[in-house]
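Trainee: Make the full structure from the sequences, and use the hints.
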Amino acid sequence: MAGSVRQPSSSRSSVGYFAALAVVGLSSSIGWFVFGQSEIADVAMALLLGVVVVSTRFGHGPSLLAATLSAFVFEFCFLPPYFSLAISNLRHIVTFAVMLVVAFVISHLSKRVHDQADAARDNERRTASLYAVSRELGLAVSLDEILLVAARHLRELFDARAAILLPTGDDQVAPAFVDWDLGGASGEAEEQALEPSRGAGTLSREVREMALWTWRRQLPAGVGTAEFPGTRARVVPLLGSRGAVGVLALFPSWPMRMDDPVEQELLDALAGVVGLALERTRLAEQARRAALWVETEQLRDALLSSVSHDLRTPLAVVTGATSALLAEFAPRDEKSRRTLLETAHREALRLNRLVRNLLDMARVEGGALRVRKDPQPLEEVIGAALHRLEDRLRGRDVETSIPADLPLVPFDSVLVEQVLVNLLENATKYTPEGSPIDVSAVLRDGEVETAVGDRGPGVAPSEVERVFEKFYRSREGEGGGVGLGLPICRGIVGAHGGRIWVADRPGGGASFHFTLPMAGGEARV
Amino acid sequence: MGRQVGDMTEKQPLVLVIEDEADMRTFARIALAAHGYRMIEASTAAEGIEQATHHHPDLVLLDLGLPDADGSEVTRRLREWSTVPILVISARGNEDAKVKALDDGADDYMTKPFGAAEMMARVRVAIRHAARSAAEPPAVVLIGDDIRVDIARRNVTVRGEEVHLTPIEFKLLATLVRHAGMVLTHRHLLEEVWGPGHGTEMQYLRVYMTQLRHKLERKPARPKYLMTEPGIGYRLRLET
Numbered sequence: 090m091a092g093s094v095r096q097p098s099s100s101r102s103s104v105g106y107f108a109a110l111a112v113v114g115l116s117s118s119i120g121w122f123v124f125g126q127s128e129i130a131d132v133a134m135a136l137l138l139g140v141v142v143v144s145t146r147f148g149h150g151p152s153l154l155a156a157t158l159s160a161f162v163f164e165f166c167f168l169p170p171y172f173s174l175a176i177s178n179l180r181h182i183v184t185f186a187v188m189l190v191v192a193f194v195i196s197h198l199s200k201r202v203h204d205q206a207d208a209a210r211d212n213e214r215r216t217a218s219l220y221a222v223s224r225e226l227g228l229a230v231s232l233d234e235i236l237l238v239a240a241r242h243l244r245e246l247f248d249a250r251a252a253i254l255l256p257t258g259d260d261q262v263a264p265a266f267v268d269w270d271l272g273g274a275s276g277e278a279e280e281q282a283l284e285p286s287r288g289a290g291t292l293s294r295e296v297r298e299m300a301l302w303t304w305r306r307q308l309p310a311g312v313g314t315a316e317f318p319g320t321r322a323r324v325v326p327l328l329g330s331r332g333a334v335g336v337l338a339l340f341p342s343w344p345m346r347m348d349d350p351v352e353q354e355l356l357d358a359l360a361g362v363v364g365l366a367l368e369r370t371r372l373a374e375q376a377r378r379a380a381l382w383v384e385t386e387q388l389r390d391a392l393l394s395s396v397s398h399d400l401r402t403p404l405a406v407v408t409g410a411t412s413a414l415l416a417e418f419a420p421r422d423e424k425s426r427r428t429l430l431e432t433a434h435r436e437a438l439r440l441n442r443l444v445r446n447l448l449d450m451a452r453v454e455g456g457a458l459r460v461r462k463d464p465q466p467l468e469e470v471i472g473a474a475l476h477r478l479e480d481r482l483r484g485r486d487v488e489t490s491i492p493a494d495l496p497l498v499p500f501d502s503v504l505v506e507q508v509l510v511n512l513l514e515n516a517t518k519y520t521p522e523g524s525p526i527d528v529s530a531v532l533r534d535g536e537v538e539t540a541v542g543d544r545g546p547g548v549a550p551s552e553v554e555r556v557f558e559k560f561y562r563s564r565e566g567e568g569g570g571v572g573l574g575l576p577i578c579r580g581i582v583g584a585h586g587g588r589i590w591v592a593d594r595p596g597g598g599a600s601f602h603f604t605l606p607m608a609g610g611e612a613r614v
Numbered sequence: 382m383g384r385q386v387g388d389m390t391e392k393q394p395l396v397l398v399i400e401d402e403a404d405m406r407t408f409a410r411i412a413l414a415a416h417g418y419r420m421i422e423a424s425t426a427a428e429g430i431e432q433a434t435h436h437h438p439d440l441v442l443l444d445l446g447l448p449d450a451d452g453s454e455v456t457r458r459l460r461e462w463s464t465v466p467i468l469v470i471s472a473r474g475n476e477d478a479k480v481k482a483l484d485d486g487a488d489d490y491m492t493k494p495f496g497a498a499e500m501m502a503r504v505r506v507a508i509r510h511a512a513r514s515a516a517e518p519p520a521v522v523l524i525g526d527d528i529r530v531d532i533a534r535r536n537v538t539v540r541g542e543e544v545h546l547t548p549i550e551f552k553l554l555a556t557l558v559r560h561a562g563m564v565l566t567h568r569h570l571l572e573e574v575w576g577p578g579h580g581t582e583m584q585y586l587r588v589y590m591t592q593l594r595h596k597l598e599r600k601p602a603r604p605k606y607l608m609t610e611p612g613i614g615y616r617l618r619l620e621t
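If you're matching them up, the sequences are chains A and B in order.
Last residue of the first sequence: 614 in this note's numbering, with the numbers rising by one and none dropped.
Last residue of the second sequence: 621 in this note's numbering, with the numbers rising by one and none dropped.
Among the clues, some could well be false.
As the list claims (entries may be wrong) - The following residues of chain B were derived to be distant from chain A, with all beta-carbon distances above 10 Å:
1. 395
2. 533
3. 534
4. 539
5. 540
6. 551
7. 561
8. 596
Unchecked claim - Just so you have them, the derived chain B footprint on chain A, three or more residues with Cβ under 8 Å:
9. 465-474
10. 481-491
Think of the hints as simulated: they come from the structure by calculation, not from any bench.
In this text, a Cβ means the ideal position worked out from N, Cα and C, and glycines have one as well.
Mentor: Written out as structure tokens, the structure is:
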């Protein structure tokens, strides 16, 4: 489609004039041939036929030439006195006049037919391109795509480069897409071939000013308007359903074409289509954000209700049990009193664990986690964790297998102890009482991998990722955790530069693994 | 203002509780009284130091979260003139403050929340330790049922079999025995075993400690006696 019908072509029109000469020559020859054997009217008919041929094939100018030429050939050759422009007979004057008028009328009529055909073709072209642009913009999902599609079509339809500027929120516009480098485009003629670019060119200050003017007034500027004379660009607003959503600056390789109202209309129509597409993506983005916000709110509500339930339950038990002891009709028998006290104590300890986990999680998430790596034996921290859980591990076989030649590993002992305690606590929570637990470590590929394995029901494949998510609980109510133990582990291990995961164990059960890199332990000596 | 609790005789140990939470003081008072201890209390650091100078308590329970001064400052001021055992109380995750107070002369620590049983065990160990330090050290110490340490003859037997210890290992064990039941910070151990100026060579200590554990413990990864306190130091348990 490059190259326009509207663009006059000097070579084509000169062909028309030569053709007009040739046709008139031919029709004169035919006239000469019939002259003498037939009526003078037949000669006129032959010449008029030539005019008709020229005017239907070659447009207005050549047909006027043919008409004038034919009239004079007719007068010169076929009306007496022959080979003179004088006319002797009044009747022949009438014949010449009729010939002249008919030739001009034919030429004029066929020009109108031509024009109408041209207009219809233009219309068709415009409709087709607008349709193509609309369809492609409809398929474009992202802002970038829309900008690319728009630029490509503008390039093809107008033989032009385009820049699109979008509002920045403070009544300013900034270039979002600049086809080619348009930094100095206004002023000097650039004959570079137009190539697809990624829209990262620059814009001259003048164009930016024009764009801002257009944005604020929502009116076109530049070529074809009274604003910013001397520029080579035409700047139009990109109109959505509720006003401008951006500004389009067009740099046609032949700026004068933008003076044509038909071209201006086409550009406006295109700007409208692009404007609507931009508006659509903007609304879609707003809708997506709104949906995300709602989702986040819902999640937060769910977490809040989960946490508050977990905190309130032990508090309710403590309050209830102690108030029962304090009541006027408190149980007198030692056994009931003791049961109430034990319940209150147990729930208070549970509350303590919950609060501890919440605080740890806040520390891990809030970036307040300070990892102080010290090279040390892994055995020590495993021993410390096992000691801390002595009560909970009572009655279970706990096997440790740590290679004797395992080097010192750089880690933060307080934090890694917490990881081990959480993993061991989980193992006691989710496996049958008395089932064995194994702790092992191995050095491999520059990191030490520690595993806590159990012989419980294992972790379902659908849960291997989710167990590390905050507030996720594999089985409701069991053990009374809030679902923070593993996320805390992940946070701590991650802060050490390690990984944590869960795997099935050969022979049944789950095994939680975490790695600690050997590198990066600056000894504090 | 401090106030003497109970009508105990002078023989019963006197405990000074410096703690700004009234409910915690009440809890301590009841628990201590139940075990036959006398108690005086203070709610600020200044008041606590004053009480200590007047009453010469047998033990100080010191909360590290006092409003008017940080705990290690109180420890330092008490240590200027007194060897009274000091037990510091602190919240979890406050290892730095604990280590600082311990390095400044406190003897042991407890982490809130703690139960009455734990508190009484720590109090007993600390008072007994103070009494032992004042007396002539025993020549032979038994660790659990398994380990016998003859300090004078530098001889250690584990389940009846003699175990060879290097001089540093023995010195380390002897230091732990001397402070049996109490926590010892890394710095404290390093300075006592390797001498002043070696307070930061943590890796030596860890390596020797591991060797000692492998020689004395049945399951070094699950020790019964040579306990690790992550972020703080070590503690020797005489009985499990």
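Trainee: Next step is simple, just say for each hint if it's right about the structure.
Mentor: Here is how each hint holds up against the structure:
With a least CB separation of 29 Å from chain A, residue 395(B) remains clear of the 10 Å interface cut-off, as annotated. For residue 533(B), the requirement that its beta carbon stay farther than 10 Å from each beta carbon of chain A is met, with the minimum near 30 Å. The Cβ of residue 534(B) sits about 30 Å from the closest Cβ of chain A, beyond the 10 Å cut-off, so the non-interface label holds. Listed as outside the interface, residue 539(B) is consistent with that label: its C-beta sits roughly 18 Å from the nearest C-beta of chain A, beyond the 10 Å cut-off.
Residue 540(B), annotated as away from the interface, keeps every beta carbon of chain A farther than 10 Å; the closest lies near 20 Å. Chain A leaves residue 551(B) outside its interface by the beta-carbon criterion, the shortest separation being 20 Å against a cut-off of 10 Å. With a cut of 10 Å on Cβ distances, residue 561(B) stays outside the contact zone with chain A, its closest approach being about 17 Å. No Cβ of chain A approaches the Cβ of residue 596(B) within 10 Å, the least distance being about 13 Å, so the stated non-interface status holds.
Counting residues of the segment 465-474 of chain A whose beta carbon lies closer than 8 Å to any beta carbon of chain B gives 8, which meets the minimum of three for the stated coverage. Counting residues of the segment 481-491 of chain A whose beta carbon lies closer than 8 Å to any beta carbon of chain B gives 3, which meets the minimum of three for the stated coverage.
Of the hints listed earlier, there is not a single one the structure fails to meet.
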